[in-house]
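Chains as they are written, first to last, in my numbering: chain G, 1 to 450; chain L, 1 to 310.
Hints were generated in silico from the structure; no laboratory data involved.
This one's a predicted model, so the numbers in the text were calculated from it and none came from an experiment.
Take these hints with a grain of salt, some might be off.
[Said to hold, decoys possible] Label-pair distances were calculated between CB atoms; the ranges are:
| hint | chain 1 | residue 1 | chain 2 | residue 2 | range |
| --- | --- | --- | --- | --- | --- |
| 1 | L | V236 | G | K67 | 46 to 56 Å |
| 2 | G | K145 | L | V62 | 29 to 39 Å |
| 3 | L | E209 | G | P100 | 48 to 58 Å |
| 4 | L | F66 | G | P100 | 21 to 31 Å |
| 5 | L | L155 | G | D431 | 30 to 40 Å |
| 6 | G | V93 | L | F66 | 33 to 43 Å |
| 7 | G | A104 | L | F292 | 14 to 24 Å |
| 8 | L | P165 | G | G231 | 28 to 38 Å |
| 9 | L | F118 | G | T359 | 52 to 62 Å |
[Stated by the list, open to error] Here chain G is said to cover these stretches of chain L; the calculated rule only asks that three of the stretch's residues, wherever they fall, bring their Cβ under 8 Å from a Cβ of chain G:
| hint | region |
| --- | --- |
| 10 | 59–66 |
| 11 | 79–91 |
| 12 | 143–151 |
| 13 | 157–171 |
| 14 | 252–266 |
| 15 | 278–285 |
Think of the CB as a built atom: it goes at the ideal place given N, C-alpha and C, for glycine as much as any other residue.
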Amino acid sequence: MTQGKRARSGWSRREFLKTAGVAAATIAFPEIIISCGPQSSSTPTATIPKPRKGASIRLLQWTSFVKPADAEFKRQAAEWGAANGVTVAIETVTGDQLQPKTAAAVEANSGPDIIQMQYGWPQLYTDACLDVSNEVNILIGKLGKPDPVNEAFCKVKGIWRAIPYTIVPNAWTYRTDYFQQAGVSAFPTTWDELTTAAAKLKATGKPISQTDGHAYGDSLTMWNPVLWGFGGKEVNADGKTVAINSKETRDAIRWAQGAVKAGLVVHPEWLDPDNNQAYHANRISGTLNGASIYIREKIEFHKYTDVTNNAPMPSGPKGTFAMNLIFNHAVMKWSQDAETAKAMLLALMDKDQYMKWTTVASGYNAGPFDAFHGDPVFSSDPKLKAFQDVVAPGKWPGWPALPSKKTAQAQTQYIVADMFAKALANDGTGDVEAAVKAAETSLKAIFERP
Amino acid sequence: MGIRTRPDAPAVSKRRRVRIFDREAPLGYVLLVPTLVVLGVFLLYPFLFGIWLSITDSELGVLGNFIGLGNYRFEWRNTDGVFYTALVNTFLYTGVTTIFKFSLGLVMALLLNQVIPFRRFVRAALLLPYIIPTVLSYEAWRWMFDPTFSVVNWLLVNTHLAAYPGPNWLGVPANAMAALMIVNVWRGTPFYAIAFLAGMQVIPVDLYEAARVDGATRWQQFTNITLPMLRPVLLVVLLLSTILTFADFQGPFVLTNGAPYNSTQLLSIWAYQWGIPGGAIGLGAAISLVLFPLLTIVVAGVLFLLRRPE
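Turn these sequences into a full structure, and let the hints steer you where they fit.
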């Protein structure tokens with residue numbers, strides 16, 4: 001009976017409310033609807049946050065390896081602050097200091113209004129991060145789909161806890177002169193080719209080198225893609241069942257051992273800046289890194305710019321994988337001016353503003369929405385293309401499971417990197433079984449812990 | 001009938017107050033109050049809060065539920081496979097560095113207690129490792145141990161003490177542990193030396209003069225006068241240093257952060273790994289409190305030795 005009535009009128013109460021809501025939003029905020037484009041369905045109920053005149057906003061984030069990028073970010077924030085009568089303070093700290101500072105703020109329930117969330121921190125500090133679904137929906141309306149990795153990190157149980165900010169793509173930077181000298185015409189496109197190239201490069205005295213130590217960036221961006229490329233994984237997609245003890249994992253480790261025996265030089269003692277320094281000091285012929293090595297050569301050192309090129313990640317038997325540094329911005333729950341903080345983040349993510357920043361960053365940063373995929377900064381220099389190419393195959397630590405507290409813990413304990421490091425000890429002759437077993441024990445301690 | 005106030009009442013009260021301040025015991029307690037408040041707020045409260053955290057499943061920013069000794073059981077069963085490595089490393093690190101710091105500190109203090117040229121300058125220079133900001137000095141050491149730019153290796157290779165390129169200080173487990181110990185000894189020895197020197201300077205010179213008259217050798221003077229007279233200082237310094245070294249974090253964190261593959265993992269770093277980047281603050285608190293009973297025994301032992309008559 002009721003169904004019949006609905007069918008006749010074509011209106012249910014829910015549909016009526018929905019339509020009325022859209023109409024009200026359209027009248028109140030016509031600019032949202034205009035800018036929504038093809039994905040506007042998620043935005044009609046969006047409310048644009050308004051800055052409060054006289055507010056003070058503190059933002060904490062890492063110090064970029066490309067210094068002018070920080071200067072431009074601060075300039076834009078100050079400009080927005082001046083235009084809106086808001087005092088803005090941008091505090092930058094080194095990457096390894098950011099998490100302790102963030103953790104201290106979370107525990108004290110006090111601190112900066114906005115904190116840059118790296119990797120899976122929104123999963124770790126969920127309760128301290130305000131729901132920013134409204135703001136992300138506004139950005140989706142304007143900029144298109146977010147990058148899947150940013151989305152995976154920002155979204156906790158369906159709620160956006162951080163606003164996608166940037167991707168720091170990681171690709172290989174190498175010396176073309178040494179490669180030619182060694183008879184290697186192009187950067188390897190498969191891991192097996194990399195083994196062959198590493199052998200030839202080692203003979204020149206300038207090896208291809210990478211960390212397998214406790215470097216929070218370079219170690220993870222190297223060894224996770226190797227593991228995935230051979231079909232290995234830490235945990236199943238359910239996020240519960242530890243799956244590291246597999247033939248695929250052993251295949252990945254055996255490849256790494258073969259590469260090290262052939263000539264790939266691994267450094268367990270290297271932290272993130274060390275491969276940069278080794279490259280600039282002309283000690284190595286290639287390494288995996290963000291674009292900072294190339295950019296600093298180009299704009300600062302000018303020593304090896306012409307003989308430096310970049311290449312995307314080689315492929316394994318199970319495909320091409322990459323892991324990039326992913327940064328997002330969370331508005332913290334203790335902020336006295338959360339609306340102002342959200343308004344500022346939206347302004348900084350404005351397409352024109354953002355692309356001014358990526359231009360200054362010279363290719364070190366890629367935008368996390370569809371609208372940034374054609375960022376001209378990557379076509380301005382063909383050598384930067386590799387950094388654009390590694391965005392699409394990017395995954396997150398713990399993949400194929402979704403990011404969670406558990407995957408974040410496994411990441412911060414360097415379990416995958418340590419597994420490889422253990423097997424690569426003594427020039428690639430470490431005990432594979434012991435390495436896998438240790439990784440499995442550590443992962444089970446995390447994933448099976450209540 | 002109104003209440004009549006005695007005209008001399010204020011004077012009596014004042015006199016009583018004065019009398020209270022005249023008596024040593026009440027005055028002592030009154031003067032202790034500020035210290036007790038400071039200790040309570042900054043020491044006792046965080047300590048008790050730490051114990052509470054360790055018996056809960058708290059996460060960063062979220063107070064958890066009581067789980068009894070669950071966190072301790074988790075670690076004592078070596079569930080994560082790293083705890084025992086960290087435990088053994090912590091004992092090794094503390095034991096070896098304490099022996100070196102004690103011996104070198106004593107030797108340095110004995111030397112500085114002699115009349116030597118530029119004595120004041122040398123004494124001041126001794127404190128350099130203490131004056132330099134901690135993290136800065138550890139970063140400098142990291143730079144010195146760097147395989148690419150190591151000045152240590154440059155010296156070793158150029159003096160033919162090691163073959164090129166020299167030892168990989170932070171990349172090989174045994175070397176990395178040795179490197180951590182070297183830096184800790186470098187930084188900690190001045191503390192021992194200065195404390196021992198202060199102790200030596202209050203030993204009456206008459207005792208040495210009398211011993212010399214009796215024909216005592218330098219060694220006999222050292223073992224029969226210096227060491228016994230220095231005993232309280234030795235014990236207190238040893239106690240403080242042992243506790244601080246057990247809990248040492250900054251140096252090992254900057255230099256290796258547990259690498260390579262957790263071979264230099266210490267309890268302090270492991271507690272941090274779980275508690276701060278891992279967000280499991282309850283478990284982190286439990287790891288950092290694991291040594292508390294043992295350290296309590298050490299402290300009690302030293303205090304007993306200090307109170308024991310000669």
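Practice item. May I ask you to test the hint 33 to 43 Å on the CB atoms belonging to V93 (chain G) and F66 (chain L)? Key: holds (35 Å)
**Study point:** Annotated coverage of the region 252–266 of chain L by chain G, confirmed only when three residues or more have a Cβ within 8 Å
**Key:** Since three or more residues must qualify, the claim that chain G covers the region 252–266 of chain L holds, with 7 doing so at under 8 Å.
Check your understanding: Does the region 59–66 of chain L contain three or more residues whose Cβ lies closer than 8 Å to a Cβ of chain G?
Key -> holds (count 4)
**Study point:** Within 8 Å of chain G (C-beta), three or more residues of the region 278–285 of chain L
**Key:** Satisfied; 4 residues make the cut.
Practice item. Starting from the range 30 to 40 Å, see whether the pair L155 (chain L) and D431 (chain G) falls in it by beta-carbon distance. Key: holds (35 Å)
Point to revise | Distance restraint evaluation - F66 (chain L), P100 (chain G), Cβ atoms, bounds 21 to 31 Å | key: holds (27 Å)
Check your understanding: For the region 157–171 of chain L, does the count of residues with a C-beta closer than 8 Å to a C-beta of chain G reach 3?
Key -> holds (count 4)
Review point. Do the beta carbons of P165 (chain L) and G231 (chain G) sit within 28 to 38 Å of each other?
Key: holds (37 Å)
**Study point:** C-beta pair A104 (chain G), F292 (chain L): status relative to the range 14 to 24 Å that was hinted
**Key:** At 23 Å between Cβs, range holds.
Check your understanding: That 46 to 56 Å hint for V236 (chain L) and K67 (chain G) (C-beta), does it hold up?
Key -> Holds - the Cβ-Cβ distance for V236 (chain L) and K67 (chain G), about 48 Å, lies within 46 to 56 Å.
**Study point:** Proximity test - 8 Å, beta-carbon atoms, the region 143–151 of chain L to chain G, at least three hits
**Key:** holds (count 5)
Check your understanding: Do the Cβ positions of E209 (chain L) and P100 (chain G) conform to the proposed distance bound of 48 to 58 Å?
Key -> holds (56 Å)
Every hint from the earlier list agrees with this structure, and none is contradicted.
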